[in-house]
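Heads up: the protein sequence lines correspond to chains B and S, in order. For the first sequence, position 253 matches number 253 in the numbering used here, and the numbering has no gaps at all. If you want the numbering used here, it's the position in the second sequence, counting the first as 1, plus 286.
Please keep in mind that the hints were generated in silico from the structure rather than gathered at the bench. Ideal placement from N, C-alpha and C gives every residue a C-beta, glycine not left out. Don't take every hint at face value.
Some chain S residues judged to face chain B by a derived CB distance under 7 Å, without partners named [claimed, not checked]:
| hint | residue |
| --- | --- |
| 1 | Ser362 |
| 2 | Ala366 |
| 3 | Ala367 |
| 4 | Lys534 |
| 5 | Ile538 |
| 6 | Ser539 |
| 7 | Asn571 |
| 8 | Ala682 |
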Amino acid sequence: MKQNTLGYKVKQYLMFAGPGTLLFLCVVIVPFIYGLYLTLTSWDGVSATKPFVGFANFASAFADGDYWSAMGRTVIYSVFAVILINIVAFALAYLVTMGIKGQNFFRAGFFVPNLIGGIVLGYVWKFVFNRAFVAIFNSTSLLSTTSGAMFCLILVSVWQYAGYMMLIYVAGFMSVSTEVKEAAMIDGCTPTQAMWNVTIPLMRSSFVQCIFLSITRCFVVYDVNLSLTNGEPFGSSVMAAMHVYNQAFTYKNYGLGQAEALILFIVCAIVGVTQVMVGKKGEVEA
Amino acid sequence: MKKKLIAGVLAAGMTLALAACGGNSGGGDSAGGGSSSGGTAITIFNSKMEIQSQMEEMAKKYSAEKGVNVEVYYSSDTVAAHMSTRYASNEPYTIAMVDAKDIYSLGPEHAIDLAGEQWVGNTTQAITVGGKVLGFPVCVEARGVIYNADAIKNVTGKDFNPDSIRTTADFQAIVDELIAGGMAAPTGVMKEDWSLGAHYLAQVYEEHADPDAFIAGIKDGSIKLADDDVYNKLMDTFDILKDNNYAKASAISAEREVTEQKLAEGELAFMFGGNWDWDVINAYNYSENMGMMAVPSDLGDYNTKLVGGGSKYFYIDNGVSAEQQQAGKDFLNWLVFETAGQEFLVNDCNLVPAFSNITLAVSNPLGASVKAYADKGALTPNYTYLPDDHYAKNGASFQKYLTGQIDRAGLADEITAYWATAEVGAH
Numbered sequence: 001m002k003q004n005t006l007g008y009k010v011k012q013y014l015m016f017a018g019p020g021t022l023l024f025l026c027v028v029i030v031p032f033i034y035g036l037y038l039t040l041t042s043w044d045g046v047s048a049t050k051p052f053v054g055f056a057n058f059a060s061a062f063a064d065g066d067y068w069s070a071m072g073r074t075v076i077y078s079v080f081a082v083i084l085i086n087i088v089a090f091a092l093a094y095l096v097t098m099g100i101k102g103q104n105f106f107r108a109g110f111f112v113p114n115l116i117g118g119i120v121l122g123y124v125w126k127f128v129f130n131r132a133f134v135a136i137f138n139s140t141s142l143l144s145t146t147s148g149a150m151f152c153l154i155l156v157s158v159w160q161y162a163g164y165m166m167l168i169y170v171a172g173f174m175s176v177s178t179e180v181k182e183a184a185m186i187d188g189c190t191p192t193q194a195m196w197n198v199t200i201p202l203m204r205s206s207f208v209q210c211i212f213l214s215i216t217r218c219f220v221v222y223d224v225n226l227s228l229t230n231g232e233p234f235g236s237s238v239m240a241a242m243h244v245y246n247q248a249f250t251y252k253n254y255g256l257g258q259a260e261a262l263i264l265f266i267v268c269a270i271v272g273v274t275q276v277m278v279g280k281k282g283e284v285e286a
Numbered sequence: 287m288k289k290k291l292i293a294g295v296l297a298a299g300m301t302l303a304l305a306a307c308g309g310n311s312g313g314g315d316s317a318g319g320g321s322s323s324g325g326t327a328i329t330i331f332n333s334k335m336e337i338q339s340q341m342e343e344m345a346k347k348y349s350a351e352k353g354v355n356v357e358v359y360y361s362s363d364t365v366a367a368h369m370s371t372r373y374a375s376n377e378p379y380t381i382a383m384v385d386a387k388d389i390y391s392l393g394p395e396h397a398i399d400l401a402g403e404q405w406v407g408n409t410t411q412a413i414t415v416g417g418k419v420l421g422f423p424v425c426v427e428a429r430g431v432i433y434n435a436d437a438i439k440n441v442t443g444k445d446f447n448p449d450s451i452r453t454t455a456d457f458q459a460i461v462d463e464l465i466a467g468g469m470a471a472p473t474g475v476m477k478e479d480w481s482l483g484a485h486y487l488a489q490v491y492e493e494h495a496d497p498d499a500f501i502a503g504i505k506d507g508s509i510k511l512a513d514d515d516v517y518n519k520l521m522d523t524f525d526i527l528k529d530n531n532y533a534k535a536s537a538i539s540a541e542r543e544v545t546e547q548k549l550a551e552g553e554l555a556f557m558f559g560g561n562w563d564w565d566v567i568n569a570y571n572y573s574e575n576m577g578m579m580a581v582p583s584d585l586g587d588y589n590t591k592l593v594g595g596g597s598k599y600f601y602i603d604n605g606v607s608a609e610q611q612q613a614g615k616d617f618l619n620w621l622v623f624e625t626a627g628q629e630f631l632v633n634d635c636n637l638v639p640a641f642s643n644i645t646l647a648v649s650n651p652l653g654a655s656v657k658a659y660a661d662k663g664a665l666t667p668n669y670t671y672l673p674d675d676h677y678a679k680n681g682a683s684f685q686k687y688l689t690g691q692i693d694r695a696g697l698a699d700e701i702t703a704y705w706a707t708a709e710v711g712a713h
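In isolation and in its complexed conformation, chain B is listed as follows (with noise of 0.2 Å):
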């Protein structure tokens, strides 16, 4: 029997990766194409009638001052998110690679946030601000001004992610091999130059990764959002994800709410594609 053969192979393929391709197909593909046509009715969500109006959507998407001051807080809250998330969990990884002792009960520990889902993390740091710091404080919740509960979206973010960038980091400073370090300290490095000029620019694959994730998920950040502020004080920290379902589904716009939805996910896909394709170029190996 040929192995070369176009038929051999279709069948090698679909043997193997048709059940596969099939399921993605069902469940991301032709909802995608069907959600691409629903942008272009003034479906309300509930009608059996679809009425089709063109771009009408996208005008209206554009002009929707609510959605694009809500894609402005999202951009804003990304990139603080996006930093500091890093930042912790690379100086997480850090320490537990050390060597300290029970450095694998600290991995596991502050692992753990990520563990818990975001509707439920929401709720026990809305206590945390609203009952807790205001009495340990006695002072006024911060969920309670808008920059407050931005504030706090932010550090419940960090408090999330953290623990599983780390993780990834973790595996990054395992990579590297310590001859390579050893070998700059008998040169001459001292602990910071190895750091930054070894170990570092060998674990780039790690950052590009946990940038890269980072910044998708807090793009469509949800389910905190929900829980901890609801959008409040007076709709200040509604994000982007969550305009477009009220728009969907609360306000019955759904045609609308879908063309927001496209939107967001192109802006999601550039700032994601662009950052992995900057970050791989100066990749480098030992």
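Let chain B serve as the given structure and place chain S on it in line with the hints.
What follows is chain S alone, placed relative to chain B:
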């Protein structure tokens, strides 16, 4: 060769299994659970979270007694959002409990006409759209000021008579008296956008003789909201609630549960709310004498009435089989005409019935107040045609007012700006 055959069969089998998973969403009769042995199976969607356990209990009993398999579902999503996902997956409920506005938006397309039913003559709250009776009122709910008479008596030493508080001045006087007597902050304000936007602000429309004309006036600029008499008088009352709020410094982070606990336990005397708040107050060590009174204001007549009416409506879906529709109708009749059904509504669920033939006494004090007002005919009807985003957007503006970020004119401006593009629902 044999191996190849087995592999092929396996792959085909897996693909088939997948196709089967995706294929059964058609058809309308996908009532959850497989126990359809004997009798019809119907599904009920419940959107009142506080009665979910009672509903489930009732479904078991009803199924056993009537030989109809009843399944009750609940979703914490907004009603509109949940119904849209159900219709999108082509799985309509036999009976769905929705808000009044949803009857107008979903009803004409999805609900069957109930005009021939006997209960129609026993209620004034059914919803009729285009000559067809589409909505069955589950209960009566009303808004007003909840008071704690025991807390007031403790401070003033006199029995509290809610009928003595009519005007803004009366309200201010009793609040001042309470403060003088040592109650530091006699009022609580719920900061939730639905409470401010959908409940308090909505009164501004509802306490106009013709809300449609009033909103049209705001839209075309012929009515200036900031100068409107009803708006200003209601805001005068709101200012008293706001200025004496126990959480004045951080009004926006006051949690509903905490506020209602304080009210229940007598730390506060007044809070704007509705009889649904009983389900929260109920959870605490509440005072014996509580009740609801009309929102005090200088608006003649309106200050003797609660605002409310039928709330939560059942409709029967036209996408289910004829047997299911009939079973649905039987269920509605059971609620209205059979003792077990009446007791379920009034005693188990603590609801105020919307039917004149149900004479069971409502045991919870807030419900009892509402029933008393309803029996007197002292209810200002709900204006149920506000757009879906009205409560969220204007609620956010109202929150700004609550925290002092904008003043009364600023709030009027934001509401007017909202109405520039918003449209009331068709009716």
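Against the structure, the hints:
no. : hint   : result
1   : Ser362 : violated (11 Å)
2   : Ala366 : holds (6 Å)
3   : Ala367 : holds (3 Å)
4   : Lys534 : violated (10 Å)
5   : Ile538 : holds (4 Å)
6   : Ser539 : holds (4 Å)
7   : Asn571 : violated (19 Å)
8   : Ala682 : holds (4 Å)
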